[in-house]
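Starting from the given sequences, assemble the full structure and let the hints guide the process.
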Amino acid sequence: MKKALYSIFIASLFFIADNVNAQCNSEQYTNTCIPKLATGFNFLKSYKIDGQGGSKTKVEYSYVFTKGTQYMINVCATGESTDGIIVSLFDSNRNQVASSKINNQFISAIAYPCNTTGIYYIQYTFDNSTEFCGGSALGFKR
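Each residue of the sequence shown is one higher than the one before, starting from 1 at the first, in this note's numbering.
Treat the hints loosely; a few may be bogus.
[Unchecked claim] The calculated SDA-like cross-link candidates involving lysine to any residue, where the alpha carbons are at most 25 Å apart (straight line), are:
1) Lys58 - Thr78
2) Lys101 - Asp127
3) Lys45 - Ser108
4) Lys101 - Cys114
5) Lys101 - Ser88
6) Lys56 - Lys101
7) Lys45 - Ile86
8) Lys101 - Gln123
[What the hints assert, rightly or not] Here are the computed distance ranges between Cβ atoms for each label pair:
9) Thr57 - Asn115: 28 to 34 Å
10) Gln28 - Asp127: 17 to 23 Å
11) Tyr61 - Ala38: 16 to 22 Å
12) Asn104 - Asn42: 29 to 35 Å
13) Asn128 - Asn42: 32 to 38 Å
Keep in mind the hints are simulated off the structure, nothing from the lab.
Note that the Cβ used here is the ideal one computed from N, Cα and C, for glycine as well.
Shown next, in the form of structure tokens:
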């Protein structure tokens with residue numbers, strides 16, 4: 001009986017250790033992204049991108065953009081790449097106005113000159129991502 005309980009205990013530890021390693025540490029990526037905003041842009045907000053190991057197909061946030069302001073959204077993931085994380089920006093009518101995937105190329109930032117004040121939706125999706133984990137920063141300049 002003791003051997004069986006001991007075996008179950010050891011197996012549980014391996015299961016817990018495996019789950020801990022699979023967790024997304026998006027905080028490290030958001031901290032990396034903030035200083036990567038282009039010159040002249042002021043930091044507004046950071047966003048955690050956690051696709052929960054691939055179980056989530058998208059992560060979405062909203063923010064009120066102001067007319068006459070230019071916004072920049074960048075994405076940081078493993079290494080210098082975006083790891084297949086795509087940021088798309090949608091206006092209040094859910095029309096896509098910008099994307100970081102252009103001609104099957106992933107770029108790490110998008111800039112958007114806002115012409116209409118309103119709620120905008122910042123959506124992160126995964127295209128062949130290996131980690132499903134990243135961070136992002138939103139900046140502005142007038």
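Cross-check of the supplied hints:
no. : hint                       : verdict
1   : Lys58 - Thr78              : holds, 18 Å
2   : Lys101 - Asp127            : holds, 10 Å
3   : Lys45 - Ser108             : holds, 17 Å
4   : Lys101 - Cys114            : holds, 20 Å
5   : Lys101 - Ser88             : holds, 8 Å
6   : Lys56 - Lys101             : holds, 19 Å
7   : Lys45 - Ile86              : holds, 18 Å
8   : Lys101 - Gln123            : holds, 12 Å
9   : Thr57 - Asn115: 28 to 34 Å : holds, 30 Å
10  : Gln28 - Asp127: 17 to 23 Å : holds, 22 Å
11  : Tyr61 - Ala38: 16 to 22 Å  : holds, 20 Å
12  : Asn104 - Asn42: 29 to 35 Å : holds, 32 Å
13  : Asn128 - Asn42: 32 to 38 Å : holds, 33 Å
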